[in-house]
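> Given the coordinates of chain A, assemble chain B onto it according to the supplied hints.
Number of protein chains: 2
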Amino acid sequence: MNSTYPSVLLENAVNEFASLPSVGRKTALRLVLHLLRRKPEEVEAFAGALTKLKNEVHYCRVCHNISDTELCPICASHNRDRQTVCVVENIQDVMQVEATGQFHGLYHVLGGIISPMDGIGPKDLEIDSLLARIEPEQIHEVILALPTTMEGDTTNFYIYRHLSNDHPEVRVTQIARGVAVGGELEYTDEVTLGRSILNRTEFVTN
Amino acid sequence: MNSTYPSVLLENAVNEFASLPSVGRKTALRLVLHLLRRKPEEVEAFAGALTKLKNEVHYCRVCHNISDTELCPICASHNRDRQTVCVVENIQDVMQVEATGQFHGLYHVLGGIISPMDGIGPKDLEIDSLLARIEPEQIHEVILALPTTMEGDTTNFYIYRHLSNDHPEVRVTQIARGVAVGGELEYTDEVTLGRSILNRTEFVTN
Chain A
0 MNSTYPSVLL
10 ENAVNEFASL
20 PSVGRKTALR
30 LVLHLLRRKP
40 EEVEAFAGAL
50 TKLKNEVHYC
60 RVCHNISDTE
70 LCPICASHNR
80 DRQTVCVVEN
90 IQDVMQVEAT
100 GQFHGLYHVL
110 GGIISPMDGI
120 GPKDLEIDSL
130 LARIEPEQIH
140 EVILALPTTM
150 EGDTTNFYIY
160 RHLSNDHPEV
170 RVTQIARGVA
180 VGGELEYTDE
190 VTLGRSILNR
200 TEFVTN
Chain B
0 MNSTYPSVLL
10 ENAVNEFASL
20 PSVGRKTALR
30 LVLHLLRRKP
40 EEVEAFAGAL
50 TKLKNEVHYC
60 RVCHNISDTE
70 LCPICASHNR
80 DRQTVCVVEN
90 IQDVMQVEAT
100 GQFHGLYHVL
110 GGIISPMDGI
120 GPKDLEIDSL
130 LARIEPEQIH
140 EVILALPTTM
150 EGDTTNFYIY
160 RHLSNDHPEV
170 RVTQIARGVA
180 VGGELEYTDE
190 VTLGRSILNR
200 TEFVTN
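Top line first, the protein sequences correspond to chains A and B.
Counted from 1, the first sequence has number 70 at position 71 by numbering that gives the first Met the number 0; the numbering is strictly sequential.
Counted from 1, the second sequence has number 190 at position 191 by numbering that gives the first Met the number 0; the numbering is strictly sequential.
One chain only, chain A, in its complex shape (with noise of 0.2 Å):
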C-alpha cells in the first residue's frame, strides 16, 4: 500500500502508530481506523493515558522500579525479605519474576546491560545505586538476574567483580539455568542442555 492517504490528520495518527516497535503501516492504519469508531471520550481517554503516564511516572529511589510513588510498594512492603536483592535488567523482568510468585526479596532495576558496541558502560546503568544500597540495607545475597548474552555475562562479572572485592561477606547468585518445565531434550540447544547436566541437582520425590 503507497502512502496515498486521503487525510493528513489520519497520515498523522498512522505514523505515529507506526513508529512504535514491531507495528508496520497495515497494522498502524487497522489500529487508527478502530480508533475512529470509538466514542470521543474513549479516545480522549486513551491520549489522556499516555501523557498522565509520561508526566506523572516515578521511578523508586531505591530500586528504580516505575512506580506512582518516591518509593515503590515493594520497597515498602514490610512482607518482603529485605536481606535478598534480585538484579534485573528492566521492569519487564520485575513483573515476570513477581508474577512466578517464587520470590519474596527485593529487586533492582539496573536499566539496561553493558553493551560497548550501544555505548552503554557501567555508569549509565544502576550499579553504583546497587553497589550503595548493600551495607546500609544489610544485604546477605545478590541474585543476578540478567539475560544469559554476552553483555549479561559481562555486566555480570561486572557486578560479580565490585561485589567480591567491597563486600566479600555478601552471596552472589545466578538464576538457574536448564531445560525448561515440560521442555523437551530433543528441542532443547546443546549449551542449555550442557548446562542442565553440569547443574544438576539431588533427585528429590515430591
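Just so you know, the hints here were simulated from the structure itself, not pulled from any lab data.
These numbers were taken from a predicted model, which means no experiment stands behind them.
Among the hints, a few may not be true.
[Stated by the list, open to error] Selected chain A positions facing chain B (Cβ under 7 Å, derived; list incomplete):
(1) 3
(2) 6
(3) 11
(4) 12
(5) 48
(6) 49
(7) 53
(8) 56
(9) 71
Think of the CB as a built atom: it goes at the ideal place given N, C-alpha and C, for glycine as much as any other residue.
This is chain B only, laid out in the frame that chain A set:
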C-alpha cells in the same frame, strides 16, 4: 504474566493499548514502555495526533471516504472519470484500490456490509446515498468491489436489484475473482479456481 503492575498509571496505559484489536497485554506493555523511553514532547505528539484526528476529521459528503475537507480530494479532482463509481466496504479498501493505480473513477464507501447477524441492515449503510448519486452525477457504471462473503453477496445483490430497477441504463460490474497473479494452482482453493475457469478471458500476448 498476571496483573501485578507496579504503577496504576502504567496499568491504565497498558489497558488502553490492550483494548485495541489483536494487541495482547504483553505487547501493550512493550509499546507503553517504549513510549516511556521517548521524549515527553513525542508522547504529547502521539496523544495529540489521536485526539486531533478524532475531533477534526471529516467524511466526504459525496463518497463518505475520510477527508480533511467537506469534499474529499478524489471527489474534488478534475482528473477522474466521473461516470464510474467503485463501491467498497470501507476506507482501507479505497486506499487499496488507489494503490493499484488502475482505477481512475470515483468511490462510494458503504461503511460496512449488510449483516443481519450483527443487526446491520441497508439503512445503516450509505446505500441510499449511492442510489441518489446516479442521476445527478450521470453515472454510467457501478463497480461492486465488496468481499466475497455471504454478507458481501447479499449487499451486492441488494444494490444490483435497486440499480437495475431504478436505473436500468447503468452498467453494474464486479471485480474479477480468480487465481492471484503469481499464485500457483496447487495452493488455490477450489471455489476460486472454479471461478477463474468460468470467468476465463481471451488469451492475449503482450
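> Among the hints numbered above, which are violated by the structure, and what are their numbers in rising order?
Of the numbered hints, all hold.
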